[in-house]
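Enquirer: Chains as they are written, first to last, in this note's numbering: chain Y, 1 to 294; chain V, 295 to 501.
Hints are computed from structural coordinates only; laboratory data are not their basis.
We put the CB at the ideal spot given by N, CA and C, even for glycine.
Be careful, since some hints might not be right.
For the chain Y half of the interface with chain V, some residues (derived, Cβ under 8 Å), not all of them [stated by the list, open to error]:
hint : residue
1    : Gly43
2    : Asp106
3    : Pro138
4    : Gly141
5    : Met168
6    : Pro194
7    : Ile235
8    : Lys274
9    : Leu277
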Amino acid sequence: MKYSYYSGCSLHTTAKEFNISTQVIMKELGVELEELKDWSCCGGSIAGGVSHDMGMALAARNVVLAQNQNLDLVASCSGCYNKSAKAAKALEDPKERAKITAVLEDMGMEVSDNNIKVKNIVDVLINDIDYTGKIKHPLTGLKVACYYGCLMTRPDDITGWDSPLYPMSMDKLSEICGAEAVDFRAKTKCCGGPILVHQKEVAYELTKALLDEAKSLNADCIVLACPLCATNLEIRQKEIEKYYNVSYNLPIVYITELIGLALGISPQTLGMNKHVLSVKAVIDKVKNNPLVAA
Amino acid sequence: MPTKAEKTTARKKRLKSFFSIDRDRQVDGDTINNKLLNEIVAEGGASASIAACMQCGSCTGGCPNADKMDIPPRSLILMIQRGEWDKVLQSKTLWLCSSCYTCTSRCPRGVKPSDVIEAAKALAIREGIKNDSVKFNTIFVDLIKERGILFEPELMYKYGGLKEVIDQAPLGIKLTLTGKMSPFPEKVKDPKSFKKALEKIEKVSKK
């Protein structure tokens with residue numbers, strides 16, 4: 001199995017551990033990832049709101065790169081995945097395709113007819129791979145709240161592989177790892193990602209609701225697959241604690257890291273030492289798992 | 295005796311005043327003003343069935359930020375149907391939308407409010423509206439045009455000035471120590487033609 005891999009801007013900076021853990025576990029599971037050559041920013045949720053054609057061209061550029069490599073495209077970041085999937089759909093529309101082609105030709109690129117799929121890493125993990133037999137270190141006793149956010153499963157006309165409002169794929173992946181997935185009602189409620197800088201307080205409030213619920217369910221950590229969600233939930237957790245005078249101290253872990261731990265890969269190899277908010281509590285709980293010790 | 299043409303006009307008039315389901319009639323009796331609707335469609339709402347909105351309010355009910363908006367999504371769609379651009383343009387709603395697509399997922403009529411709001415934002419920016427959100431979004435896009443890959447410290451500096459950089463300094467240090475932040479921005483192989491191609495789009499849409 002081989003895919004082209006679009007890491008994107010965040011996975012090279014604030015979400016480096018997501019990039020590392022994705023590559024490490026895919027290698028362990030025998031899936032080859034070929035880095036998208038000369039990728040660029042997908043424009044996120046922002047570019048399309050400045051100019052639709054700009055957003056489309058930015059996102060389509062990466063899809064066309066994958067077409068030229070003739071490999072289905074996998075993105076770990078929900079935003080990159082969502083915008084790429086949207087662009088892949090737009091390329092099927094003659095009007096949009098003509099506009100996109102014109103811009104990309106100006107960049108010296110050729111739009112090919114190679115038909116490729118755009119997939120999210122969670123989609124690949126749940127639908128294309130079965131790692132049930134490869135669990136070396138079951139995470140028994142670990143309670144996780146799986147948080148999907150918005151762009152992984154919505155809008156469902158461009159995603160479509162899991163429910164847009166109550167998805168279960170990451171819950172299942174965690175359960176395969178031996179962890180207990182709590183019934184996290186807020187799993188697809190927005191964290192305020194795209195407005196986190198210019199509407200700070202609004203994003204604080206949205207993120208606080210997520211932390212509150214995860215905490216009330218006694219989750220040991222929130223498991224997610226989006227670097228922007230992690231920016232709010234992890235990097236800003238201390239700010240939110242200060243703003244509301246509360247205390248969470250809730251580790252935020254990427255789904256790929258969780259699977260990596262269950263596959264018996266060391267936290268260091270997975271890049272888990274790079275978290276801004278320590279995930280030591282999770283690692284300790286996994287290490288001290290009596291089932292494995294025995 | 296009325297002529298055939300007169301009869302048809304009279305019939306059409308009659309149909310409009312009763313409970314016909316003429317395409318241009320709304321539940322509260324308003325007629326659709328196509329001008330704004332067409333502009334939204336042309337900007338990027340091509341797959342959004344704005345005229346099909348029946349004002350059920352599923353969008354507002356699911357919106358995480360509706361309580362902070364001056365015009366909730368349901369009303370915003372109605373205003374767009376009526377062609378009330380001035381109200382839409384001045385609305386805080388455009389800048390409070392976090393593009394979560396909950397409204398689009400819940401809408402039973404295929405209105406796609408998130409796509410409509412995205413297009414309205416672009417029109418508002420082109421019309422010269424100014425606020426923090428516009429500032430952030432335009433700087434974001436300008437920086438991407440420059441190198442193709444976002445360099446966050448630069449974004450924070452251009453948006454919030456030195457104050458923002460100082461506020462974020464402890465985080466910056468932490469990110470640098472964990473090897474997550476490099477002082478050198480990444481870029482695409484050919485930033486020149488990348489930028490030129492994207493600037494051409496802007497020229498076309500400004501016309």
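Enquirer: Now tell me if each hint is right for this structure.
Expert: Results for each hint:
no., hint, verdict
1, Gly43, "7 Å, holds"
2, Asp106, "3 Å, holds"
3, Pro138, "29 Å, violated"
4, Gly141, "28 Å, violated"
5, Met168, "16 Å, violated"
6, Pro194, "5 Å, holds"
7, Ile235, "7 Å, holds"
8, Lys274, "4 Å, holds"
9, Leu277, "10 Å, violated"
Violation of the numbered hints given earlier is confined to hints 3, 4, 5, 9; the remaining hints are satisfied by the structure.
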